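Asks: The residues making up each chain are set out below.
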Amino acid sequence: MSKRTKKAAAVVVVILNCFGLAFANATNVGTATNSIPQLIGSGSWKVVPSVTTVNPVIRDTAAAKGSYFTITNTGTLQTLSFTLGQTTTTTSGTNAYTVLLNYCRVSGTVAGTWSATGTCNTGVLTNMLTNTNASTNSAAVTFTLAPLATISVQCQYHSTTAGAPGNRNISDAISVTVTRANVRTATSTSG
Amino acid sequence: MLKSLMTSTNLFARTVAQITIVAVVGTVGITVASTAASANLDAVATNVTPQVIQSGTLSLITAANAGSSGFTSTVSAMAPGDTLNFAVGVTTGTMPAQNFYLSINDTATASTLLTTSASKGLTVSVTQCSVAWAMPAGTCSGTTTATTASNTALSTMNTTTGGGVELTLFTGTVPASTTTYLKFTLTLPASIAETVTNGTLPGGTIQGLSASINWKIRTTQRNASVTNG
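Protein chains in written order, with my numbering: chain P, 491 to 681; chain C, 1195 to 1423.
Hints are not guaranteed to be accurate.
Stated by the list, open to error - Restricting the straight-line Cα-Cα distance to at most 20 angstroms, the calculated cross-link-like pairs of lysine to any residue (SDA-like) are: (1) Lys555/P with Thr609/P; (2) Lys1410/C with Thr609/P; (3) Lys1410/C with Gly681/P; (4) Lys1410/C with Gly1357/C; (5) Lys1410/C with Pro527/P; (6) Lys1410/C with Ala522/P; (7) Lys1410/C with Thr517/P; (8) Lys1410/C with Ser1253/C; (9) Lys1410/C with Lys555/P; (10) Lys1410/C with Ile526/P; (11) Lys555/P with Thr650/P; (12) Lys1410/C with Thr650/P.
To be verified - Here chain P is said to cover these stretches of chain C; the calculated rule only asks that three of the stretch's residues, wherever they fall, bring their Cβ under 8 angstroms from a Cβ of chain P: (13) 1334 to 1344; (14) 1359 to 1373; (15) 1380 to 1390; (16) 1400 to 1413.
Read the hints as simulated data drawn from the structure, not as lab findings.
Only a predicted model underlies this, so the values are computations on that prediction, with no experimental measurement involved.
For glycine and all other residues, C-beta sits at the position ideal for the given N, C-alpha and C.
Please model the entire structure based on the sequences and the hints provided.
Replies: Structure, rendered in structure tokens:
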């Protein structure tokens, strides 16, 4: 077989192989897709204090009996509890004191309101957290907050030094922390 | 002249003359014979009833299972561990199919971690029932068959981002014009643990995201066969 003949034969083999591969890939396929996309969204757990610093904290002997701020569930998931933290700092004065964070509790899911004179209008005044002097402390608060639900918190300091007449200037840093464990339990939905 | 050639003492000349005569006579004979043959009558046989040959149709049609919204079901504000169950029926065409494959496209403006994260993103389990699923209860009165989709991260089959590949849902022949009943269970992994302080979400959060999912079920034609009729 001449060199030219061998070359021609090789070309033919390559061409035939190409056709063979093309036929092998020619398998028919059937496909189904949903024309309207299926919408899936994840929720969020965010419980936010209206202020992160109360300065100064109003003493319980004042007309309003304390300072006030709110805690709101700004997420899209119901929360069952949250961790409330505060760091108290004495900016002036040396006498001993406590700083209390209170709310009006009607039930585990309903919060009451405060009057202008610091009285719990409905429900029961309930202490959530107390710091002694300058310190950092936190506590778990079991209260169900639906999305956008709010509770009002009374922040007051109380002198624990007998006969201490003077006010102290106290600053209070507030934090509210939520983890998955604070969020409603998982559910199953059929759609 | 012909006589002189045939009687020529030259052997070559005499042989050429003889061959020429044989060729001419042969040609004339063939011509006469073929003319006589074309004059014969033809006999033809045909089948009175046409032989019917049809090509099959390889197609898949999805429809929501009774009691379910199928792929149009939606859910919002999923918490970790939440599930969404929905069922669809996938019907083959007139051609038997072979193997089912599953993939998704997230058609949202930009795919989110819901469909791109293997650790935090949505997972899917697909279960087959021999009859239609009873929805919304999600029960099967027939026989259930598991598929390869078992808490499978959508990210692994998300072809939008180029990172995912088609999942072979199950293998085997699916007869023509039959419905395969599939129940999908979408889950946001319960293992997600994110801490949010004062409403500030952590980086790479799974919270507050959305996905627009186009499911794609693909099949191929069954192997070619030889039928002796």
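Asks: Does the alpha-carbon distance linking lysine 1410/C and threonine 517/P stay inside the 20 angstroms limit?
Replies: 18 angstroms, holds
Asks: How does the coverage statement for the stretch 1400 to 1413 of chain C fare against chain P, requiring three or more residues with Cβ below 8 angstroms from a Cβ of that chain?
Replies: holds (count 14)
Asks: Keeping to a limit of 20 angstroms between CA atoms, is the pair of lysine 1410/C and threonine 650/P held or broken?
Replies: 70 angstroms, violated
Asks: Against chain P, does the stretch 1359 to 1373 of chain C show at least 3 residues with beta-carbon separation below 8 angstroms?
Replies: violated (count 0)
Asks: If you count the residues of the stretch 1334 to 1344 of chain C with a beta-carbon closer than 8 angstroms to a beta-carbon of chain P, do you get 3 or more?
Replies: This one is violated; 0 residues, fewer than the three required, reach chain P with a Cβ under 8 angstroms.
Asks: Does lysine 1410/C pair with lysine 555/P here, judged by a C-alpha cut-off of 20 angstroms?
Replies: This hinted pair is violated, its Cα atoms lying about 64 angstroms apart.
Asks: Could you grab the alpha-carbon distance between lysine 1410/C and threonine 609/P and see if it respects the 20 angstroms cut-off?
Replies: 62 angstroms, violated
Asks: Tell me if the straight-line CA distance from lysine 555/P to threonine 650/P falls inside 20 angstroms.
Replies: 16 angstroms, holds
Asks: Going straight from one Cα to the other, do lysine 1410/C and alanine 522/P come out at no more than 20 angstroms?
Replies: 6 angstroms, holds
Asks: For lysine 1410/C and serine 1253/C, compute the direct alpha-carbon distance and say whether it is at most 20 angstroms.
Replies: 13 angstroms, holds
Asks: At least three residues with a C-beta closer than 8 angstroms to a C-beta of chain P: is that true for the stretch 1380 to 1390 of chain C?
Replies: Our answer is that it holds, as 8 residues pass the Cβ test (under 8 angstroms) against chain P, meeting three.
Asks: Could you grab the alpha-carbon distance between lysine 555/P and threonine 609/P and see if it respects the 20 angstroms cut-off?
Replies: Answer holds: lysine 555/P to threonine 609/P is near 8 angstroms, not above 20 angstroms.
Comparing the model with each numbered hint stated earlier shows that hints 2, 9, 12, 13 and 14 do not hold.
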